[in-house]
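If you read the protein sequences in the order shown, they are chains X and G.
Numbering-wise, the UniProt record's numbering puts 83 at position 83 of the first sequence, and it's gapless, one number per residue.
Numbering-wise, the UniProt record's numbering puts 226 at position 226 of the second sequence, and it's gapless, one number per residue.
Read the hints as simulated data drawn from the structure, not as lab findings.
Values in this document were obtained by computation on a predicted structure and should not be read as measured data.
It is possible that some hints are incorrect.
[Stated by the list, open to error] Below, computed lysine to any residue pairings styled on SDA-like, alpha-carbon distance capped at 20 Å:
#, chain 1, residue 1, chain 2, residue 2
1, X, 6, X, 91
2, X, 6, G, 69
3, G, 125, X, 377
Number of protein chains: 2
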Amino acid sequence: MSDQVKYVLDEAQIPKAWYNLNADFPKPMPAVLHPGTHQPIGPSDLEPLFPMDLILQEVSTERYIEIPEPVRDVFRMWRPAPLIRARRLEKLLDTPAKIYFKYEGVSPAGSHKPNTAVPQAWYNKEAGIKRLSTETGAGQWGSSLAFAGSLFGIDVTVFQVRVSYDQKPYRRALMETYGARCVASPSNETEAGRAVLAKDPNSPGSLGMAISEAVEIAAKDPAVKYALGSVLNHVMLHQTIIGEETIRQFELANDDPDVVIGCAGGGSNFAGLCFPYLGLQLRGGRSRRFIAVEPAACPTLTRGKYAYDFGDTAHLTPLMKMHTLGSTFMPPGFHAGGLRYHGMGAMVSHAYELGLIEARSYQQRGCFEAGVQFARCEGIVPAPESTHAVRCAIDEALRCKAEGKAETIVFNLSGHGHFDMQAYINFFEGKLVDLDYDEAALAQSLAGLPSIAA
Amino acid sequence: MSDQVKYVLDEAQIPKAWYNLNADFPKPMPAVLHPGTHQPIGPSDLEPLFPMDLILQEVSTERYIEIPEPVRDVFRMWRPAPLIRARRLEKLLDTPAKIYFKYEGVSPAGSHKPNTAVPQAWYNKEAGIKRLSTETGAGQWGSSLAFAGSLFGIDVTVFQVRVSYDQKPYRRALMETYGARCVASPSNETEAGRAVLAKDPNSPGSLGMAISEAVEIAAKDPAVKYALGSVLNHVMLHQTIIGEETIRQFELANDDPDVVIGCAGGGSNFAGLCFPYLGLQLRGGRSRRFIAVEPAACPTLTRGKYAYDFGDTAHLTPLMKMHTLGSTFMPPGFHAGGLRYHGMGAMVSHAYELGLIEARSYQQRGCFEAGVQFARCEGIVPAPESTHAVRCAIDEALRCKAEGKAETIVFNLSGHGHFDMQAYINFFEGKLVDLDYDEAALAQSLAGLPSIAA
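When you get a sec, could you build the whole thing from the sequences and use the hints?
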């Protein structure tokens, strides 16, 4: 066993292909349906929103899809991302377990999101697109697409959820530094936004609303395409570069993970780390535990229904079968904006339904406690979203201690918390409390799911 | 010539020794004087403030000083820091020059400061010290010592300049996440602070005042030592790990810098990159240009006097011969808090006086313009301090273009700007203006320098 701290690959070792779990699922994924007709959609139905290369990735069942050289060339700015052994945390916990984390916060925007922002921007550029429209909640995705747009000369408009726009001016400044235009959502720039504002001029916004606005802009203007930072199959695909690198790094470490952990909002950072390992297992390799960690205040996998639902509040998107709390569900205002989405990506949902992965939910105070503990051992202050994965990794290491097992645990530290320090301030001041969603509102939201024969 | 983007060394290649320019200066440095007697001080005079190992480094003329293994072990968390080729910036500028930057923002605290915070905390721990006192302006140093303290079980108290304490709550939250206690300076916790507050209860504070407070705490309590993040010889020594790594990385790149650039407040990040190269030159190697870049609003090297002066406003520190604007000089409130110090480190001053290095000053608007240009090419948002180095590197690359010279330029990107986004917001809103210091006040400050025979 090596006693290195960091496992760093040379830039020549950046993976040359993404891994597509759709090649290995034991049962194919349910079809995506048209929002009006409820009939399966084809690639052409998505053409107003995405360039054809991305649509073909969305429906592909090829096992490996080549990463274009210009995209790999951009990745060389920060990839391969390090795999780091959390030795000080292990020592503090006095656990026989070995804890590793894949650190995606080394990207310019500070999270795993550029892994898909860069190829999405590049494929759009190749298709002649000069303008992209998107939404952002916590701001990680918006700043990543802004960064990618700046590299390829694409104008990016970001509908930033109003509450995040107001509370996170630094995140907005980061997007503007990269040259993007930020609009607080709901806005007066779209019908969807105006409809919400007419009812509630002080609406704090939601990710579902912001998606409606960004999609509407793209749907109405052929010169504008839409980009989504999670949920969709091609996003999961792009994020598998995380797990592909991690597999090589564990070979260097002469070790192998027994437990693989990621936080899950739309599911892309979890999928990115897990799917390559899950693929090995489905092709006859050893079995591992895969744990998706979600917030107790927005427990999509653990409390949602596996059903067809819309991706947005205005019901402009196609219908996908996924674990959902219903598109009208409004989670309470907890501090991990990236995990406040009502649905889970269809691929992660499918894997969960097939019993291939586990899910677990945590309240936020315990997550921030874990985040502070981690920062004091390993130096890196995790993003609020990522603290969910840290909490789970610590709990698994403590389980190993109780059971006397020397398991190897790896989690995805999907981003740093430099733009989320207000959450830490609230935590230290005792203002950060655990939050429960409203059971009655959830029941009502689920009752409103579109009625579609399974 | 390699066409790699990043030159990344394995953690086994972290340098094993720091380089001490005091071994190679063609003329020895002027003595440090006692603030009361004006006689040269000896190691024992510094014992109330520092552990003996650091004092011996302060006065050492050994060429190489071994980096203790436990310190190298911590460095493995993020070092070696990458040397990155700014190919997109080169292309944008259409210059024949090659531009590289050494990126120190990969450290947990986001700058080069942990390079000295970690050994300082470790030497103190080895000496049995459990409490450290320090000051911080921009917050880079305070968060770095807080981080180092968390690793070695040392309680850290940080006197944070009032204006920074109020304007940068996230930087403070970072220090508290690492477990440090932050006190707004001037404070009621020291005589020096109370004296200032008695005259001006709303004093915005200054680095010189905060140093007085931190030094006073340590001088009065034998259980507390003091730590300084720049200026002193042992700090310059610790930062040479930057240049030692860079030399190895340029060998990998099969290239060699003609121009070496760093921003300079107290001088430590500049010294860290430059001194190992300067040492090679002084021992018969090729000559290079070394450019220290300072703010026009606090132009210590370019407009200061080379004279004995105090390091703090309350005149508690020993007297060092340095380029100084006078310890009572109060620079205008520009956005690079780390460059607002009245003096320059004695080693950098000595090198400048000997004609071994150049100095240049810039106004802040041009620096932020360069910072935004850099971010849009290379993804990383530079700290306001570091934008000075970026500005200079761009200007040198444009000079190369005008002269048709394919020189190799390297600059130290000493930190990222994630905790300084308010400065970028002000820049985008047009509120960030160029600032000049008050000539009359400078003359008065210089007239008040202690009268000591050179």
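To see whether the hints hold, each was checked on the structure:
1. X:6 <-> X:91: It holds: about 17 Å lies between the C-alpha atoms, which stays within 20 Å.
2. X:6 <-> G:69: It holds: about 16 Å lies between the C-alpha atoms, which stays within 20 Å.
3. G:125 <-> X:377: 17 Å, holds
Violated hints are absent here; each numbered hint is respected by the structure.
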